[in-house]
Amino acid sequence: MKKIYRAIYVWIAFGVVVGLCPAPIPDPRPTPPPVPEQTQEQLAAQQRFNGVQGEVGKVQIVESSAKVDGTAPSSEAARDLRTSDNQLADPNAKENLKVAEEALKGAKGSPVKSFLVGLTVLLVAVAGVVGFRMWADKNIPVPVTPKTKTRW
Amino acid sequence: MMRSARRKQERGSALVTSFVLMSMMAIGAAAFFTSATQSVRISARSGYEIQTTHLCEAGAQSVLRSLWRPFKTTQNFTNLDSVASGASASNPLGAVAGSVPGVGRFSAGVISSVTPTGDTYSRVVTIRCVGWVDLVGNGVLDASEPQRSVDVIATFTLDRSPVFDYTYFVNNYGWMNGFDPSTLIVNGDMRANGNFDFLNGSPTINGSVFATANDKLATAAAGLVNAQPVKWSNTTYASQASSAASGAVDNEARWRQGYNSTVHGARGSSTYDSWRESIFDSQGGIVNGRLAGAVLGDSTGLDGWVRETVGASAAVTAVDSTPTHEIIMPDLSDLSVYQAASAAYRDPKATFADGTANADYGAVAYVEVYNSTTRAYTRISTGGVVTGSAVLVGTTANPVRIHGPVTFTQDVLIKGTVSGRGTLYSGRNVHIVGSIIYKNKPDFRGTNQTTIDRANEKDDLVALAARGSVIMGDTTSFTNSSPLQYMTPPFTKGRYDDNGNWVAPFNALDTDSSGTLKYKSVLGDSTMRSVAESVNQIDAVLYTNFVGGGNIGAAGTGVKFNGSIISRDEAMVVWSTPMYLNYDNRIKERGISSQPLIDINLPRSPTLLRSAWRDRGFTYQQ
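Chains as they are written, first to last, in our numbering: chain A, 1 to 152; chain B, 1 to 622.
So here's chain A without its partners, still in its complex pose (with noise of 0.2 angstroms):
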């Protein structure tokens, strides 16, 4: 009994064996034989071949078909354009561009020069009050005040 099933564990282990193998399958497919080249002879005889053959069916110059996607054009913007052209035209508008350029060459003055500018002009304010009042002191006569009873 145990023999017999020794044979059959040993015959099952033998399909499984045989059938995971990688079967050698020789490829169907021939392998063309190398074709030599042709001679100087050869070609010379096929040189009679040579020339042009006219045109067969049908010929397309142009073969893109793909569609084109341009912006349309806007008739609004070629107003604006036009618009914009004859503005900048305009001397007034370069004069505002002078004035313009004038205004940002004050505005990106330094620090430094803004503030000696300031304390000049700081300066000579009190040396003018000061000066008036000295000037005052010396010429505006002092007002006369009647004198008043005091009513009780």
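One or more hints might be untrue.
As the list claims (entries may be wrong) - Coverage of chain A stretches by chain B, computed from C-beta distances (three or more under 8 angstroms per stretch; other residues unrestricted):
1. 48-62
2. 123-137
As the list claims (entries may be wrong) - A short list of chain A residues far from chain B (calculated; beta carbon distances all over 12 angstroms):
3. Ala7
4. Ile8
5. Tyr9
6. Val10
7. Trp11
8. Ile12
9. Pro34
10. Phe115
11. Leu116
12. Leu119
Don't read these hints as lab results, they were simulated from the structure. Please read all numbers here as calculations on a predicted model, not as lab measurements. For every residue, glycine included, the Cβ atom is placed at its ideal position computed from N, Cα and C.
Given chain A, put chain B in place with the hints provided.
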């Protein structure tokens, strides 16, 4: 008394002093508010100036985009001329308007389009833009609104395409399948506008390999090179080139030279700079601010690499993290452009660089073939154009003579010996039905570049450019397994053009307007059988709008390809090895002049160059 007088003085000046101080304070306050108001106006004006500058740029970009996209797609000036011809400042054309929410509005249009004298491949376009802040809110430019006007000058050019800097260029998918280092040796650079895969082995690539991210393919490509191929060192390259050089003039003599510091100078030297475009340097890197040597480039950047055998792992060195970009392929879909160019061609070269006269100076473009029946040459082109198809078979004694750009409206069947310098444009297919061999071959060896160039300048150089496909071998022997499976979907890839239109994948089994299958010749199977043989050597630069492929190497002796193949899909099936792909650097642009050694009027591709920005002024009437 003194005390009394002082009190009187104090009493007398108080009113005046107070008045003066109050006046000064009033003046100061007024001055402050005036200054503050002015500052606010100035800052507002500065803000408007900046806003309107960017609005003008937006307008310029809008017009350039509307002109560039159809130009890039059609690769001719038809749309641009129709839009911009006759434009002037008083009559702007192709005008567009738009707005940037929260910023302002812009308008822009073409005010001038000029064809430079003697240059029909360029248009100089002037675009006027106005950007303004719509304070009134009526959507119209009013005189009082802040506005800036700018003129932008741009040049649209159909220029020599950079695709011809490569020995192998494929738009859709670059692939090398089943080669080992000894069966395919590429001496030149390779590129794909998509992924580039080396599968089932590694060929030897003595040059750079580039892949590019491309979301216009049917399946978007990440733009990666999948592996580092084997590459020779400079020493190995030199020994390989010299070992078989004698008696191998169709191979090693056609290799570009390997870098040798004794001959080509130290990297970075002026001597190196003069050679760098025409030599192979295995060490990739940045030299004098430009890429030099062999690198792998893809969407992740550029790397140098060392891998001399299949068993060795590649040593990779990062060179630059800049990703690669798409290179626009020329498009031959409008044959009239090339017919006109062929008809207008006159050889412009009076003398060669060595001082000898060019016998063809001033001559028209032509093709001449020898007829063995009449025993005489026949010029088959008329004014540089051939209406129909032609068979061109050359022998060593009586080669096919090619001069300048010649356009055929349908097929070209060509094989044998060719001589001259020029490009054959076919309205349909170019069928390479046997080896194509130059009668006068270039030789890139030597130690003096001037001497090498002067000799090679007068040697033969031919390009074959097909609006259809470049098909190699006898089409009557093609089978579905080889090579037709590589010329049909799903191997061939569809794509979207720049306008989002679907371009279906090439299918060799479709019938075109001639009533012929796309991979076959209109000349018929009988003529094909009469002249077709194995293709074992191709001395030519090949360009095709669709597929470049077929059966090659059927003689069993391997394949020598001295030139380039530029295609959208590549389908070459190699029946014997080794195969050599050797770049012909005579077509590569060099140095400051950006001129190749020989200009054979190769297909052009569109470029756009912005050359000037003229600020015409800013106005704001506050």
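Hints, one by one, checked against the model:
1. 48-62: Per the Cβ count (15), the hint holds.
2. 123-137: holds (count 6)
3. Ala7: holds, 45 angstroms
4. Ile8: Holds: least Cβ distance 43 angstroms, greater than 12 angstroms.
5. Tyr9: Tyr9/A is indeed farther than 12 angstroms from all Cβ atoms of chain B, at 41 angstroms.
6. Val10: holds, 40 angstroms
7. Trp11: Non-interface label stands for Trp11/A: nearest chain B Cβ at 39 angstroms, farther than 12 angstroms.
8. Ile12: It holds; Ile12/A is separated from chain B by about 37 angstroms at its closest Cβ, greater than 12 angstroms.
9. Pro34: violated, 3 angstroms
10. Phe115: At roughly 14 angstroms from the nearest Cβ of chain B, Phe115/A sits farther out than 12 angstroms, so the non-interface label holds.
11. Leu116: holds, 16 angstroms
12. Leu119: It holds; Leu119/A is separated from chain B by about 14 angstroms at its closest Cβ, greater than 12 angstroms.
In this structure, the one hint that does not hold is number 9.
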